[in-house]
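As given, the protein sequences belong to chains B and E, one line each in that order. Position 207 of the first sequence, counting from 1, maps to 291 under the numbering used here, and the rest follow consecutively. Position 260 of the second sequence, counting from 1, maps to 1104 under the numbering used here, and the rest follow consecutively.
Bear in mind the hints are in silico, worked out from the structure with no lab data behind them. Treat the hints with care, since some could be wrong.
[As the list claims (entries may be wrong)] Below, simulated DSS-like cross-link-like pairs (lysine-lysine); rule was C-alpha separation at most 25 Å, straight line:
| # | chain 1 | residue 1 | chain 2 | residue 2 |
| --- | --- | --- | --- | --- |
| 1 | B | Lys342 | E | Lys1008 |
| 2 | B | Lys336 | E | Lys1011 |
| 3 | E | Lys952 | B | Lys342 |
| 4 | B | Lys336 | E | Lys1029 |
| 5 | E | Lys1135 | B | Lys338 |
| 6 | B | Lys338 | E | Lys1011 |
| 7 | E | Lys1005 | B | Lys338 |
| 8 | B | Lys336 | E | Lys952 |
Remember, predicted model here, so these are calculated numbers, not experimental data.
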Amino acid sequence: MTPPADNAAALSTRSVLAGEGGRGGTLPGWAPYGAFLGALVFCAAVEAALGWFTIALMLAFGALVAIVAIYTWSRAVEGRRRAKDRAVTMAIASALGLSMAPLISVLYEVVKRGVQGLSWEFFTSDARGAVTGGGAEHAIVGTLVITGCAVVISVPIGIMAAIYMNEYGRGPLRRALTFFVDVMTGIPSIVAGLFAYALFELFLGPGIQMGIMGSIALSVLMIPIVIRSSEEVLKIVPNHLREAAYALGTPKWKTIVKVVLPTAFAGLVTGVMLATARIIGETAPLLVTTGVVSSLNANPFQGRMQNLAVYAYNEYRSPGVMKQASYDRAWAAALTLIAIVMILNVIARLVYRRYKTEIR
Amino acid sequence: MEGRKLRNMFGPQARSQAEEGRNTMSQAGPVTETSNQAGEAALARRAKTIETKEVNLYYGAFQAVEGVSMTIEPNKVTALIGSSGCGKTTFLRSLNRMHELTPGATVKGDIELDGEDIYGAAVDPVAVRRLIGMVFQQPNPFPTMSIYDNVAAGLHFNSGKISKSEKDAIVEKSLRGAHLWDEVKDRLDRPGSSLSGGQQQRLCIARATAVSPEVLLMDEPCSALDPVATLAIEDLIGELKKEYTIAIVTHNMQQAARASDNTAFFNLEESGKPGRLIEIGPTQEIFTKPKQQATEDYVSGRFG
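Next up, chain B with everything else stripped away, as it sits in the complex (with noise of 0.2 Å):
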């Protein structure tokens, strides 16, 4: 692979040059991406040869054969670093393509089915006594009713919690507060509703629904996640800008309060924003302890609610007259829960970006 070595010596210089087993060429710029593409005729060509062509298999495979391929050229022309270098890039590229595409084709999906739901009446009614048309005004409201409380209810649960965890706390305490809520956070949703409904069925009474319950169980879930992202940001305060504070004579708590929150408030506030994206398309939860209704409340603490995911469930599960009218709603109502959650990351990176403190 070498030259031999009696060659010159500015050949032996540029042969290690090359690097360990180098032949010195070069594949053209367009190498990897001709590569790929030949694959794919080459797999689509196989399939059709034998019959059951369908593009996701001639995508999955087209990437195992482009990887090869490209590793098979490069180390015919650059040697074998190159060649390694450039089938593991490979493999990454087409990791990420395959890992997007059901998420475009998710997004893509939702988008083009739900537009046709969307319409004045959609946000503006509620669907009391509808047979044909109808909105969901009253899933929107339950929605943010629903996840609102459950924000206020876990926020400032979660970030005492974290607190505790990361300033306080100590010893064996500590580590059993840290192993339950790795454990809260592996909790299935459905159990957190079964949880809050039997909590207040305890004080109420069977068959009890409200909003208030339902905004419990997404708490239940929701806490560990506000602890978990709060912990994080609060260990990553230099524990420096805590004893400049003590050393000017500041009690721990007023540390905490002045110097290490707001140093961390742009990830606190990011991971807030997180956990409730998380939360707010929950629906098996929502299904045992706000119940399903069609007409507009917005009291959390008083009868059914309503809520988006809920309702696209419902909207499936039991169409109405117009059955294509009520897959529509459905699809729609999925497109608006992905709106607010895509707002909610806007919120958060404007927030993260405005406020972040350069720690070093």
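Keeping the supplied structure of chain B fixed, place chain E upon it in accordance with the hints.
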């Protein structure tokens, strides 16, 4: 919030107003004049003495410092020198009860401030730290706060409500005292982290002096700075001793020789053993005719 108020006060549209305010301020009280008009040799005030007796410091079961007895004289600069890991910083941190903030860290022995035991049962560690301030190795201004708020932070955190004009006066005095006022007076509402390293360290000194402590502890305050900034801080230390008792940990022997009145040399027999105070005396003596061989080896650079 502070920032906005300040912009009103020091912004271009309100400059003349602000200058008026400042003039009346400096007429009203002697506070703003200390560093400029106080005579070179005159003491602005007598600060307090720290005296330690047989101080032993531990991290859990590990003993880091053993049997240190020394006096840190008022209105003088005491330098603590010695090789890395010999317990200088640990000892310094025990002087304002920062040592015990490390989990598992404990203190034995007596540390007295003007005869009062700062580790007494009735003593609030927070109150100790108000009297004995500290400047750290890395400049650490609060990143969320403006220059002004950084200096005023101690006042804010500790003494509840004080009037705006009073606060302005203290901030200006502290910044002047830290030789920083002229560099930052037009941008007090900018974040503290926008300053250079040397400026940040002087900001931290201003922040520490704004709560008017008795003693300033400095833990290698210049080790992250370039020579010019270092010289500026050393000059400043010379000024500050008129008002404060100063203890400074340094690895820089020239710095100890230039900036201190007394020098304490710490050493440890071997790693894993606790650090001990080998010798303390006037800096001149420690560097020219030390009593201990180890001290001479260290200051002459012959140390392993």
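*With a cut-off of 25 Å on the C-alpha distance, tell me whether Lys336 of chain B and Lys952 of chain E pass.*
23 Å, holds
_Restraint status (C-alpha distance of Lys338 of chain B to Lys1011 of chain E at most 25 Å)_ = 19 Å, holds
_25 Å limit on alpha-carbon distance, applied to hinted pair Lys952 of chain E and Lys342 of chain B_ = 32 Å, violated
*Would the pair Lys336 of chain B and Lys1029 of chain E pass a check requiring their Cα atoms to be no farther apart than 25 Å?*
Distance of about 31 Å is beyond 25 Å: violated.
*Keeping to a limit of 25 Å between CA atoms, is the pair of Lys336 of chain B and Lys1011 of chain E held or broken?*
Since the Cα atoms of Lys336 of chain B and Lys1011 of chain E sit roughly 23 Å apart, the hinted pair holds (cutoff 25 Å).
*Can the restraint linking Lys1135 of chain E and Lys338 of chain B be considered satisfied, given a maximum Cα separation of 25 Å?*
47 Å, violated
_Need the status of pair Lys342 of chain B, Lys1008 of chain E: alpha-carbon distance at most 25 Å?_
19 Å, holds
_Distance restraint between Lys1005 of chain E and Lys338 of chain B, which requires alpha-carbon spacing of 25 Å or less_ = 15 Å, holds
Of the numbered hints listed earlier, those contradicted by the structure are 3, 4 and 5.
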